[in-house]
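> The primary structure of each chain is shown beneath.
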Amino acid sequence: MKSFTYERVDSAAAATAAFARTPGARFIAGGTNLLDLMKLEIETPSHLVDVSRLALDKIEATAEGGLRIGAMVRNTDLASDARVRRDYGLLTRALVAGASGQLRNKATTAGNLLQRTRCPYFYDTNQPCNKRQPGSGCAAIGGFNRLHAVVGASDACIATHPSDMAVAMRALDATIETVDAAGKVRAIPIADFYRAPGKTPHLETVLAPGELITAVTLPKPVGGTHIYHKVRDRASYAFALIAVGAIVQRDGTGRVALGGVGYKPWRVEAAEAALPRGAKAVADGLLAGAKTTHENAYKLPLVERTLAGVVAQAKG
Amino acid sequence: MKFDTPATSNPIDQMKIVGKPTNRIDGPLKTTGTAPYAYERHDVAANQAYGYVVGSAIAKGRIASMNLDEARAAPGVIAIVTADNAGKLAKGNFNTAKLLGGPDIEHYHQAIALVVADSFEQARAAASLVRVEYARGKGAYDLAAAIDTAIKPQASFGTEPDSAVGNFAAAFAAAPVQLDARYTTPDHSHAMMEPHATIAAWEGDKLTVWTSNQMIAWSVGDMAKTLGIPKENIRFDSPYIGGGFGGKLFNRADVLLAALGAKAAKRPVKVALPRPLMINNTTHRPATIQRIRLGATADGKLTAIGHESWSGDLPGGGPETAVAQTRLLYAGENRMTAMRLAVLDLPEGNAMRAPGEAPGLMALEIAVDELAEKLGIDPVALRVLNDTQVDPEKPSRSFSQRQLNKCLETGADKFGWSKRAKPGVARDGRWLVGMGVAAAFRNNLNAPSAARVRLAKSGVVTVETDMTDIGTGTYTIIAQTAAEMMGVPLDKVVVKLGDSAFPVSAGSGGQWGANSSTAGVYAACVKLREAVVQKLGLASDAVFADGKVKAGRRSVALGDAAADGELVAEDRMEYGDLAEKSQQSTFGAHFVEVGVDAMTGEIRVRRMLAVCAAGRILNPKAARSQVIGAMTMGAGAALMEELAVDKRFGFFVNHDLAGYEVPVHADIPHQDVIFLDEADPTTSPMKAKGVGELGICGVAAAVANAVYNATGVRVRNYPITLDKLLGKLPDMV
Ligand SMILES: Cc1cc2nc3c(=O)[nH]c(=O)nc-3n(C[C@H](O)[C@H](O)[C@H](O)COP(=O)(O)OP(=O)(O)OC[C@H]3O[C@@H](n4cnc5c(N)ncnc54)[C@H](O)[C@@H]3O)c2cc1C
Ligand code: SF4
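Going line by line, the protein sequences match chains E and B.
Here the numbering used here is used: the first residue of the first sequence is 1, the next is one more, and so on.
Here the numbering used here is used: the first residue of the second sequence is 1001, the next is one more, and so on.
These aren't lab readings, by the way, just hints derived from the structure by calculation.
Be aware that a few hints might be false.
Said to hold, decoys possible - No farther apart than 25 Å at their CA atoms in a straight line, the calculated lysine to any residue pairs in the SDA-like style are these: (1) K1088/B with P1315/B; (2) K1728/B with N126/E; (3) K2/E with R1131/B; (4) K1138/B with N126/E; (5) K1394/B with R1131/B; (6) K1647/B with D155/E; (7) K39/E with P1315/B; (8) K1724/B with G142/E; (9) K315/E with A1073/B; (10) K106/E with T1005/B; (11) K58/E with G142/E; (12) K1030/B with A1539/B.
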């Protein structure tokens, strides 16, 4: 870990100002991802702006009948909120499928969206990795890539985004609200939030440096049966091999988002239209153009079968 | 004391304390966090500095140059140790690669430097400023690709690479029912909770290390050899060990580098291996490729048994002895086994819980299941049918005790084995349900072991031995032994372990620890009893009970014997040839039920049962813990544990506990353990055997067989992950 300076701020404005003032600054929220990366010198901020105690820790109803979730709401609190459990069950289920109770007590809504990949080569500073060190190459291509992306990847990077929460957020059409040092606010639909790796896999979202996430909003509930099926090698405390988050309505229509297949929670609205025709049709649309390695090719049939299971479960 | 004739009756047979389910005497320390582990021994030496290990970034080649300037200039840095400035170092007998590499690099993350600083953070930050240029060499990292180059290795730990009886080839060719299959097991990591950690301090030319080590005397000897100083100048202290599983049998880089760092810094230095280094810097269980051929008559009698195993290791290393159990487990007149060893430039392979048998049975016990199916015979019945009461390679030698059949039959009865359906038939909602069985087998080993016992006026008995408690419950069984022998309650016994200043014990490894170390304590207590009766002027058949010594009409408080000074006795248990005359082994049967999600292929264990026949069980509570822990590890080996080899760069990629998955609570819903009532008079006066490794033997195959029974899909390459089932599961869509 590199030496760094630290300050705690008490307002969003102070946070963005502090960031703008100090080159090499980073926000830190729960710290459950950033600190690990700093210990391994994968991230080497020279200054930490601690936003964890900002008053962005409330879940409020919006005028449109949805919810506005403060960026600092802890994963545990979000998962256990009565309105979330009642109207956005997918979100609760995805959250509790992730990490452990202790981590969820620390992890924040914003930090969860911005957690970095679990590609093992990314974690080993001896290995080439374009995401960690642009231009150094990608060790996962041609290496151990059983866990890696099958859609949306590039020749520079085949990493997946590991968040469970983000999969639910994607299916629920969440919007990410931000503010920058000039006080400018933005509302970014989650569909537009993550950047494809292309030749620049180190750039992961559309956020500008120093842009602070203040909240995530959910539109008004859409009803339906909410199912999150996270598939992994052990029963708990593991990242997803793949995950299927689905909202299925009585008439058989619905929404599907996938985790563990790409650089972002993966949803293709056009593919969902095939839902009444069954899982295969949807999976084909979702994974169109998939590029697999011999180690991760299993993810394609796994998605299809898991989705079929989810649809069957939704029908009861 | 020499143990060269089978035990007759002795005070242990009273079983007033030995054999009773007993809470750990060190339990309160563990549960309150007050048992100090190596890295936490802040009080043993003042002014401790922190060392951080730099691991090699390449697997094979040379360090072309190393620049320490930036690191030296970093805040708080006191010293940097490298092969260049460490002076002449030898290699320990138990190490294959050097603990401090450079300029030649033998494996990934081999230690090449230690940075010592005032704080841990300073040492870690400076370690990343050590600038190294490498000249990458070409290495061999792929076992499958290297097996053609494998050679017949030398005998290791007395195990010959090959064995042959009768005419295997002819018998196999002639067998009406044949099985010929290939199995693979991957590299496994011990993944124990406590990392390798050491605090070292020099006083003049005397070195003390507070460390985490299973085998104190071996490691003192190896450190003396490595440093080129007399053994007498080194003290090891390792009272508490947060798991070892064989990973701490030998010195690792933490010990040597703490010692060298303390010398360079001129003050005590502490070093722990960070988690990412544990996997590539230390040892692991090597991967195997195994070929098994079984020939049987139509009614299920084995006529030919062939087992070959290939594994790899660094130059000078040894094979994984995966064929060991096959020489002893089943009857059959024509047999062959062979082990071959390839050179691989991956990190050093070595012992991990039940080395040999653990991966060997992972293969053999699937093969037996496959044969049972070919024969149309129940797999429990097939094993029972092929039982042998004699060493099948040397039929003149019988087993000292062998209740494998009873384990199998008891287990089948208790588990509800008769309800097992045909493969792919039983369902529970969307879960395909199956049951599997496997035999468990592990040899019993005895090793000489010494102890000292002290009797105080208060009647308190103190035991001192360099034996280690690696979380197995050694403190407690030693206390039970001394209490039983001296006729005092458990709370009158104090046990001190893990200090090389104490008499040399068997240490903890190869499941020899429990029987051997308590036998050493037994021997010392026999001497102490003699001293007591002599001191009190009592007849030699005096009875030690209830804190008193009674002979005829006299009854004296035990402590009175020490009224005018502590009584001290020391002895060492040594062994004659009983273990050669008859074969001492431990046996068991594992039964497992799994569910396989028909949609996703996810495999979940539903229940497990182990039935063990392993001599006298000294503490059924601790033994049960050992076996359920081993069953858990076996489930991990079956379903998830695999060090992923990068065959280009030559290292284990998933080198932390996020990537190397071991079972969590949710993976292990229900476990039962049954111990058959046994006492084996040929093993020692304790009549006990090992059990901690038996528990893992066969588990993974029982899981694999259950997966087959659930799905009808046979997977021969561990771990059995869902991707290996997916394409073959019933079509649900
Ligand atoms: C052992 C382990 C297991 C895990 N398992 C899972 C799992 O199964 N599923 C899963 O989904 N996750 C898992 N996680 C990841 C966990 O969910 C994330 O670490 C957590 O959500 C991150 O939140 P945080 O608040 O701690 O973020 P931090 O670590 O504090 O920050 C993460 C990133 O977000 C940035 N950031 C934080 N707040 C803001 C803000 N307001 N505006 C702009 N940028 C910001 C930081 O600068 C940093 O780059 C696991 C983590 C661990 C350690
Ligand atoms: S997949 Fe991406 S994160 Fe992984 S090594 Fe390649 S570039 Fe790095």
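> Name the hints, by number, that the structure is in violation of.
Per hint list: 2, 5, 7, 9, 10, 11 and 12 violated.
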